[in-house]
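Dock chain to chain to rebuild the complex, using the hints, since each chain is given by itself in its own frame.
So the protein lines, in turn, are chains A and B. At the far end of the first sequence sits residue 371, using my numbering, and the numbering has no gaps. At the far end of the second sequence sits residue 541, using my numbering, and the numbering has no gaps.
Hints listed in this document are in silico derivations from the structure and should not be mistaken for laboratory results. Since the structure is predicted, the reported quantities are computational estimates derived from the model, not experimental observations. One should not assume that every hint holds.
No farther apart than 27 Å at their CA atoms in a straight line, the calculated lysine-lysine pairs in the DSSO-like style are these [what the hints assert, rightly or not]: (1) A:Lys259 with B:Lys296; (2) B:Lys296 with B:Lys329; (3) B:Lys296 with A:Lys364; (4) B:Lys522 with A:Lys363; (5) A:Lys363 with B:Lys329; (6) B:Lys329 with A:Lys364.
Each chain is listed here by its residues.
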Amino acid sequence: MAQLQVVAPGARASDDTPSSAERSDDDLMLLARGGVLSAFDTLMRRHQRVALAVAHRHAGDLQVADDIVQEAFVEVYRAAQRYRPENKFRAFLLRIVIQRARMARRKNRRSRLVLGPLPETSVAPLGEAQVLATERQREVQRAVDSLPERQRAVVALRFGADLSHAELAQTLRIPEGTARSRLFTALRTLRKKLGGLGHE
Amino acid sequence: MSEPFSPDKIARYLQEDLSPTEAQQLEAQLPEDPELQRLLHKERALVDLLSAPVPAINRMDVVSGVHRRLQTPEKSPIWPWISGLGVALAALALFALLPRPKVESEWPGITARSAQPKSDSQWMGVQVWTASPQGMVPVGTTIEADSELLFSYTNLGPNPAQYLMVLGRDARGEIRWYYPGWTDPDLDPPAITIQAGEAQTVLKEAIRHDLPTGPLQIRAIFLASPRRVREVEMKLDGDLPNVLHTQVINLVVR
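Pulled out of the complex, with its shape left as it was, chain B reads as follows (with noise of 0.2 Å):
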């Protein structure tokens, strides 16, 4: 008796995925196989659903519009924070007393910020608060979806950097720029000047993303040159050039 083919493989076979003699026992068995018959059926009903032309898209033309976005200078860049400068200056005085949560890494040689440093990388990194009506209160594992987020750096050591960047990756996989802010795509923001000599310096804004339940990966990147944030979204799991220290905060968003 043949072997039953898997909805992966009748998809790799509608997607010309498979080896030819793969795709040749398909063929051979699909004719007396009602069940492959189904499952064919079935795939080759999705595929069109996802690739149903949209008879409106013949219709349309973007030339005028982009002459007249063209004729609109390009705006100059200004960051739209979520400011929450007002909670961020409030919380300043119980800053010194709170304790530190634990900053776990997956990155190879970085340890815990509590750890003996090693290296010029530990001399850098940040730290994640919440904005509540009491102040910063330190990130644990855990946040609400729509939790203000505060940072704070240290830039130390004999190699300080000069320019820092965050972003969080969630669930979906999308990416959540905290800095530099980005809401406006017209724009492509550089990363933050930061001074060095530095220790636990507050960014003084709070902000809120919409975020999904489910993990949030922070990134901190400290540089020696600004990058913008495209070529960061571009190159964030391949070679960033300039990069002193990447830290890694996982989260949870409930």
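Excised from the complex, chain A in its bound form (with noise of 0.2 Å):
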């Protein structure tokens, strides 16, 4: 089967041109940048899940991430003028959703100072175990949410991308140390917060 190809502007495809889905970030980038709107989408695909992992994770809502990341990869393309290629980008993603979930935040807080409570929504009933693991996701979502800014945005990149220490610093700009100190002290609070949730 024919695979779409990904060429730049006014060149041609041809055999030994790798497909979009082979090609690196740093050349999905480049193409952008050189109006190919697929290559864009490809590293949207890519990228997607573990951006609105992490933005859930910051968040705790779906319909909040969702906006998070739409927003953060808007952002992205139209900084592709000035992305520089050094295989990193993963890392310039990541810190434009942390941002933007940041910002979403502080947006958010004002949103409830206008509109006031909303209405509850109804919901389907759930099975028992679904309702202790929904409770559970949701003492956990709580406790994140009290988390200092920068502590919860290293927890959303641990947990959510699954970034090593080295990772994290490189995401959020920081030392590895750094990185590290904010995730144990992050962790230390949580388990005060959560202490009941680890008995079965």
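So this is what it looks like as structure tokens:
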């Protein structure tokens, strides 16, 4: 089956042109910069899950996470001219996701001031195990919400994107020791807040 | 008898942050130590909850949404202020009569504004005020969570600044922008322009954030060239170029 080939404007597709899916993030960004939108689509599809997971862990809401990630990709696209191909696209993207998540929290706080409490949404009845699991997740999210912003960012990246300490440091542009320290301080706080969750 | 492992150390084990020797010690002790097993189980449960996958994410696709947003032209930089212009103007008459509160600084070489100037940076500073029905009241060491804050600036000396940014870091570590205002995530507004040779010039907006109780550290950054809010947030604890003076005011929100 023939694969879709992405080529730079003016170039001609040939049999040895790698498919879009085979290209590196940097190559796809350079193609996007040159106006090849399908290259940017490939980039988005490659990274959207991890970006959504980070945004969701930070914001605690899927709709908000969807909004955050869309805005982050728009920002990435508009920054394509300034993008430096240093094989750090994921760190670049996730840094923007964290910034957008932080701004979304600020925006939501203001919205709450204006709108006041929203009406309860009716939901279909859940089984006991689902209720328990949902309640646990809510408790976890409340605990994550209560963390200071810097620790929340580290938790979102570590557990949303499974970043290593070195990747956390690169993404947040902080020393690795600082990333570690923030992570373990956050875990200590979460452990205290969620003390009973580990007991079955 | 073997030494008990702390929850912190167990967390480090699960996050692969222990040295190989320490990790081996823990693994050797684990089969015969029920308390260690319990703590490890508890920590693992926490990590599992934090990393629990969200199946709905696999069904989501942001691509079409991004396309729609890209078709929308970028917004022009309009700063949506919470404006208390009337309050500020009414207060101007009272302004000169009011005493100045003490301003603390934790930055080297910066003293309270009542002290004798020692360098160019001492010619610059901001004053924080709260808006009240009676006009502007100088801020002491505490404010209310919903206080409307106003700022005045002084920009004198042989090397005055051209731009100013004022932000606060609240008790949760979150950044609250006062100048420039920043409420629209699509924008990245630049520093505001200030006049040289001015003393106690009032910026005519009363700005309110919904602040958590606890410390609020306000920073006023006087600049020779304009920076934008995102850059400043990213470099807040690092090196921001062309800064002439940074003033830190520590308040408590109650």
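For each hint, the structure was consulted:
no., hint, verdict
1, A:Lys259 with B:Lys296, "violated, 31 Å"
2, B:Lys296 with B:Lys329, "holds, 13 Å"
3, B:Lys296 with A:Lys364, "holds, 18 Å"
4, B:Lys522 with A:Lys363, "violated, 31 Å"
5, A:Lys363 with B:Lys329, "holds, 12 Å"
6, B:Lys329 with A:Lys364, "holds, 13 Å"
Consistency with the previously given hints fails for numbers 1, 4, ordered from lowest to highest.
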